[in-house]
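Chemist: So you can see what is in the structure, the chains are spelled out below.
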Amino acid sequence: MSKDYKIFVSCDKAAHTCDKSQYNEASLWEKIKLNIHLIYCKACRKYSSNNGKLTKLIKKSEVECLKASEKEKLKVNLNNELKNNQ
Amino acid sequence: MSGHEINPNKWIDLYSDYLFNYTITRVNDREIAQDIVQDTFFAGLKSMKNFKGEASERTWLISILKRKIIDHYRKINSRKGKAEVRMNLSFDGEDEGDWLEQRVADPFDKTAEDNLENTELGLAIHDCLGKLPAKQAEVFQMKTLLGYDTETICNELGITASNLWVIIHRARTSLATCIEEKWF
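In order, the protein sequences belong to chains U and L.
Its first residue numbered 1, the first sequence is counted upward by one per residue in our numbering.
Its first residue numbered 1, the second sequence is counted upward by one per residue in our numbering.
Some hints here could point you the wrong way.
Unchecked claim - List of simulated lysine to any residue pairs, SDA-like, C-alpha gap at most 25 Å: (1) Lys-71/U / Ala-43/L; (2) Lys-75/L / Ala-43/L; (3) Lys-56/U / Asp-149/L; (4) Lys-73/U / Asp-35/L; (5) Lys-71/U / Glu-120/L; (6) Lys-182/L / Ala-134/L; (7) Lys-31/U / Asp-12/U; (8) Lys-59/U / Thr-150/L; (9) Lys-73/U / Asp-13/L.
Calculated from the structure, these hints are not laboratory results.
So that you can see chain L by itself, here it is in the shape it has in the complex (with noise of 0.2 Å):
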């Protein structure tokens, strides 16, 4: 055996959010999205024994996430089979899209590579928190990423305003330098 070892127990503190952001950015579902990353998790458990050692964890459940987004999407088209298929091709009986303007590119809207871009921003992020202290980490995502109130997060985790601000400057400071190194 090499080096990287399976501990299930660490699991959902270690890449929960990871798995999870990967899994949201391909489904747009936070339920569904939760729904997976638990399927990943039973199916990590179950074929643990296949576990060689060769990829770290984290790779190796990525890998089964993979199969279950995949899995995911042919259950909801065989559905969709079933239905009956209609197609409009024009919308409103009206020759909408018949003028010009309406042709033109829309230059804000978003194209495929930057979803692309920012699906790749998202995960390095999450690479960059698992970097931090477990504590930092946390508070940093009450603050930004959930968007709780100073106060609220003041009561949850029983610490001081100026204490959250200083957990949140160190966090910012090393999440920086990590994300020039990663992204730029």
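Chain U on its own, in the form it takes in the complex (with noise of 0.2 Å):
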């Protein structure tokens, strides 16, 4: 990605670094972008919050889910009990 050194960012822009840094995968540069944004942005305040919010519910709840490979191994079996009980 080409380094633009706008110091003001779209609101898309930071919505997206806001979901970056959710994971931190979001760059110190990228940051510092969001956190200007944020000053002057209610809208993007707002969301950033409620995002983070939801990282932190998921983490807190520590919700588990099934792998893709899981699945298809319930799947098989559970077809293969299927023809059997044809």
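Two chains, each in its own frame: build the complex with the hints.
Modeler: Next up, the structure:
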């Protein structure tokens, strides 16, 4: 990505950085730009705080889910059972 | 028959994550949880005729799952009963726990209530995930819950990075509203 040195970014870009930072993938410069944007943009402030809350909730609840391979295994077994029953 | 119908071919896609999450908060072991979910689906197949359509499919499966979890604990407990029970009241033979400091409640320790709340929260999140379009839910799960790299996901699903971020963004926005309604 070409680096742009603009300090003021659009809301789209700010939201994108905000999403990235939820996974610790935003660079320092991106984070600085995001925070500058948040100073004057109320909508993005709201989005950013909601986004943070969501991350925290998910972390707190320790949700688990099945991996794709595990699901496949379940599917195969279930199909076999289906055939046996018919 | 009322509106609820049963369709085993869709079970895994629709309910396996929900059931798995429900189980894992109760048995704390991925392998065992998977086995129990599998058993639940099998039992569901066998008793499909008894499904009256009064409850939704998921509620019905959960009720089977509950039985299966109880069965699981019965099984380990009967195994335990055969082994010799040895109680060690003082652990190292020393007077551990005699000091006042060791008896003070730890405020950072998780209480039963916290755990209960987290379990319910987990189920609420899965509920909301279920409402997302399949693609969004899939990407979001891979990214957030399984913690895959952006690159891995892109390769596996054949999408570009910016595509992925758009999907994540949409998923996060709708999840946030959904959870806000359900949870707060």
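Chemist: For every hint, state whether the structure bears it out.
Modeler: Tested hints:
no., hint, result
1, Lys-71/U / Ala-43/L, "holds, 18 Å"
2, Lys-75/L / Ala-43/L, "holds, 17 Å"
3, Lys-56/U / Asp-149/L, "holds, 19 Å"
4, Lys-73/U / Asp-35/L, "holds, 11 Å"
5, Lys-71/U / Glu-120/L, "holds, 23 Å"
6, Lys-182/L / Ala-134/L, "holds, 20 Å"
7, Lys-31/U / Asp-12/U, "holds, 14 Å"
8, Lys-59/U / Thr-150/L, "holds, 19 Å"
9, Lys-73/U / Asp-13/L, "holds, 12 Å"
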